[in-house]
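Undergrad: One-letter residues, chain by chain:
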Amino acid sequence: MASHTDARLDAIAVPASTPRPRPSRAWRAALLPLLLPALALCAWQLAASQGWMAPQILPAPEQVWASFVELLENGDIAANFAVSLHRIGMGFLLGAALGLATGIALGVSNTAREYLDPLLRALFAIPSIGWIPILILVFGIAETLKILIIAKAVFVPIVIHTAQGIRDIPKTHLETARVLRLRPWTRFIRVIAPASLGPVFSGVRLGLGHAFIALIVVEMLAATEGIGYMMVWGRKQFQTDIVIVGMIVVGLAGFALDCALLAIEQILNRKVPPHG
Amino acid sequence: MTTSSPSLARPGSYALSLRRVGKQYTVDDQPLPVLERINLDLRHGEFLSIVGASGCGKSTLLRLVAGLDAAFEGEILIDGRPIAGPGIERGMVFQDHRLFPWLSIADNVALGLDSLDLDPRDRDRRVAAMLELVGLSAFAKAHPHQLSGGMAQRAAIARALVSEPEILLMDEPFGALDSLTRVHLQEELLRIWSQRRVTVIVVTHDVEEAVYLSDTVAVMAPRPGRVVGATRIDLPRPRDRADPRFGDIRRAILGQLRR
Amino acid sequence: MADTAWQGPLAALSRIPPRVRRGAVLPAALVLAWLAVVDTGFARTPLLVPLHQVLSAPFVDPDGRQIWTALAASLARATAGIALGASAGVALGVSLGLSRPLQRGIAPTLHGLRQIALFAWIPLLTAWFGTGEIAKVVFISLSAFFPAFLNTEQGVRAIAPAYWETAAVLRLRPWRRVTKMVLPAALPAILIGLEIALLTAWIGTVGAEYAIGVGRGLGSFLVAARELFRMDLVLAGVVALALVGYACNRASRHVFSRIITWRDR
Chain A
0 MASHTDARLD AIAVPASTPR PRPSRAWRAA LLPLLLPALA LCAWQLAASQ
50 GWMAPQILPA PEQVWASFVE LLENGDIAAN FAVSLHRIGM GFLLGAALGL
100 ATGIALGVSN TAREYLDPLL RALFAIPSIG WIPILILVFG IAETLKILII
150 AKAVFVPIVI HTAQGIRDIP KTHLETARVL RLRPWTRFIR VIAPASLGPV
200 FSGVRLGLGH AFIALIVVEM LAATEGIGYM MVWGRKQFQT DIVIVGMIVV
250 GLAGFALDCA LLAIEQILNR KVPPHG
Chain B
0 MTTSSPSLAR PGSYALSLRR VGKQYTVDDQ PLPVLERINL DLRHGEFLSI
50 VGASGCGKST LLRLVAGLDA AFEGEILIDG RPIAGPGIER GMVFQDHRLF
100 PWLSIADNVA LGLDSLDLDP RDRDRRVAAM LELVGLSAFA KAHPHQLSGG
150 MAQRAAIARA LVSEPEILLM DEPFGALDSL TRVHLQEELL RIWSQRRVTV
200 IVVTHDVEEA VYLSDTVAVM APRPGRVVGA TRIDLPRPRD RADPRFGDIR
250 RAILGQLRR
Chain C
0 MADTAWQGPL AALSRIPPRV RRGAVLPAAL VLAWLAVVDT GFARTPLLVP
50 LHQVLSAPFV DPDGRQIWTA LAASLARATA GIALGASAGV ALGVSLGLSR
100 PLQRGIAPTL HGLRQIALFA WIPLLTAWFG TGEIAKVVFI SLSAFFPAFL
150 NTEQGVRAIA PAYWETAAVL RLRPWRRVTK MVLPAALPAI LIGLEIALLT
200 AWIGTVGAEY AIGVGRGLGS FLVAARELFR MDLVLAGVVA LALVGYACNR
250 ASRHVFSRII TWRDR
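Chains as they are written, first to last, in numbering that gives the first Met the number 0: chain A, 0 to 275; chain B, 0 to 258; chain C, 0 to 264.
Bound conformation, chain A alone (with noise of 0.2 Å):
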């Protein structure tokens, strides 16, 4: 009985000051992050209705909704969605396979990274804008282009975290690998891979989320089809309602990647626990 009561206060040791939020109090926090984007919204369709800019600038609500639904309809989005999914897709696994081998081998070899780092250092300065016109006088607004550029973006985070995340394995694994003579190949399968996977993933991760930038970047400067290239087609044609349909389709896809990503990382900790 006492050691029952004991585990309850231990598990409401929650400093005196926090307050209990009642029920009603909890309806009405739920509602309030709607409250900004409701008055926008009103604000919006009341200056569209009141023409006080010109559709150009600000078309109305209802017309980014009906340009939304005809582009889906008549399938725009989803071909400019494939394009850019394997777009995303090969640059990726290039940038990913080269920046995993590029940053075991710094991870491994001490030798190595003293060699590449300020190569690697001095590329790394240098952001997606800075590659795009360099690579466009040498490969063309081709599909060769924007997966490098992609491919690029990928690459950083993933040397950098691979690299980090090998580095930072406890000697203590390292010296038991000793210890038991494993053989090169075994360490790096029963040791250092497994042991390094966290901050990989966390690489993967952060690759892939400099990639879908580097896609709208260089989609927007450089190409003729895709998720980024939308906006652009919209401003051209001063549609407005497509510009903000675009970055609409941007924005959600951005966030189901990232989400997507978020969950992968979950099941991944579960299965693996981070060593320490």
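Among the clues, some could well be false.
Residues from chain C shown here face chain B by an in silico Cβ test under 8 Å; the list is partial [stated by the list, open to error]:
no., residue
1, GLU164
2, LYS179
3, ILE258
4, TRP261
Because the hints were derived from the structure by calculation, they are not lab data. Quick caveat, the model's predicted, so the values are computed rather than measured. Yeah, the Cβ is synthetic: ideal placement off N, Cα and C, and Gly gets one too.
Given the coordinates of chain A, work out where chains B and C should sit on it, guided by the hints.
TA: Below, chains B and C alone, put in the same frame as chain A:
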């Protein structure tokens, strides 16, 4: 020489009065009493220690008196008036000194006067006087990370006292310090108290510390937290820990704890 | 005689730590290869420009000399945008960190807007503000706003409850509480947010100029160089882009580490 009664209630005008103070948490829709019907009366200038095992609610009680928690039953009266949140008439010292690391010691102590809107010269004078009292005048411009644990705790005491509160509340103030520093600071605390004559409540798990410092030692038992004994200590100060009477009182209180 | 001539430099070289020596190998090899293959005229394509041409273009080439005014324009624009965006971000971050209702009302919308890739704002901004300064500065402010806001808000929310309690016990008045406790306690996080904001905004500056193409700036310089097929100017511009970003990052990190002079015990 020693008396034992479950209630400390006495008639008269008191610095602090607790009347049937209770507190409960609700866990899984069941009420879980943490404090039950605490009655306490403290006269001005009295030094009270509250001892008890972990989980008996002594820190919770102190936080209620400090005004950090407003959810309780019963009444807490300062000079006959019910409290409403933290007040400048109650100073508090925590176990971790909680000095702001980005301010100098003098600036930290000055924060104790912030709500009083004083003339800057007045404020500086009082800060200097307080630093003198706790023996940290030479460290006025130093920063907390440059001080030892004992010195930082002295600065925390200075900060709590600079506004000349009526009541000083201390939650295991020397718990984080080594035993030598603890003994030294106990003596310092008594010296400061005898010069300032504030009412002091010290929550501690160290019975010897309680007997050394206090006029009265209240013993709390857990589940639910309640006062099970109060011992009045009539030994003159400074007290000798080797004195057999000191040992008797200490053993008696330990006995109350074990019940 | 020839031996002694080499001994000086060789001795100097051997004093350089091996790590630095190895690190210099690849870059030096690249430079040498570049010089050997291109500068000597061995390879003749418009894309492989001689190294000396890239390095001298900003100084001798009439088109290349534009890079200086372009840089100045970009830096000015960046400063304006960062000042606006970062201050708005910090102010909003503190306000939202302090007030639960404000946070619940505004933060979700901001986090939702953050999901839209930054660059995607440009077409809308040019539709609203044209291709002039306003659109670019607004975009730069946006780029600086989000990192500043996110880190500040997190920093304020991460303040230890012990500090809140101490402020309550000392009865600090709201404004004093913010200046004496909240801001200093959240300062490390705020400075990290500013560091990120600086870099993001610089890249955003050149990006916006590149996308919009009109007006003076490093981005427009790159667009013009690309359209003229001048790889040497493109390389010079990209080097300038990278150098400024790197220098800003190091400088801000150095300055910020000096600000936090206290250490939590």
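Undergrad: Are the hints correct? Go through all of them and say.
TA: Structure-based check of each hint:
Interface hint status for GLU164/C: upheld, as the beta-carbon distance to the closest one in chain B is roughly 6 Å, under 8 Å. At its closest, the beta carbon of LYS179/C sits 7 Å from a beta carbon of chain B; the interface hint therefore holds under the 8 Å criterion. Among the interface hints, the one on ILE258/C is violated; its C-beta lies about 10 Å from the nearest C-beta in chain B, farther than the 8 Å criterion. Below 8 Å, beta-carbon pairs count as interface contacts, and TRP261/C has one with chain B at about 4 Å; its hint therefore holds.
When each numbered hint is compared with the structure, a violation occurs for hint 3 only.
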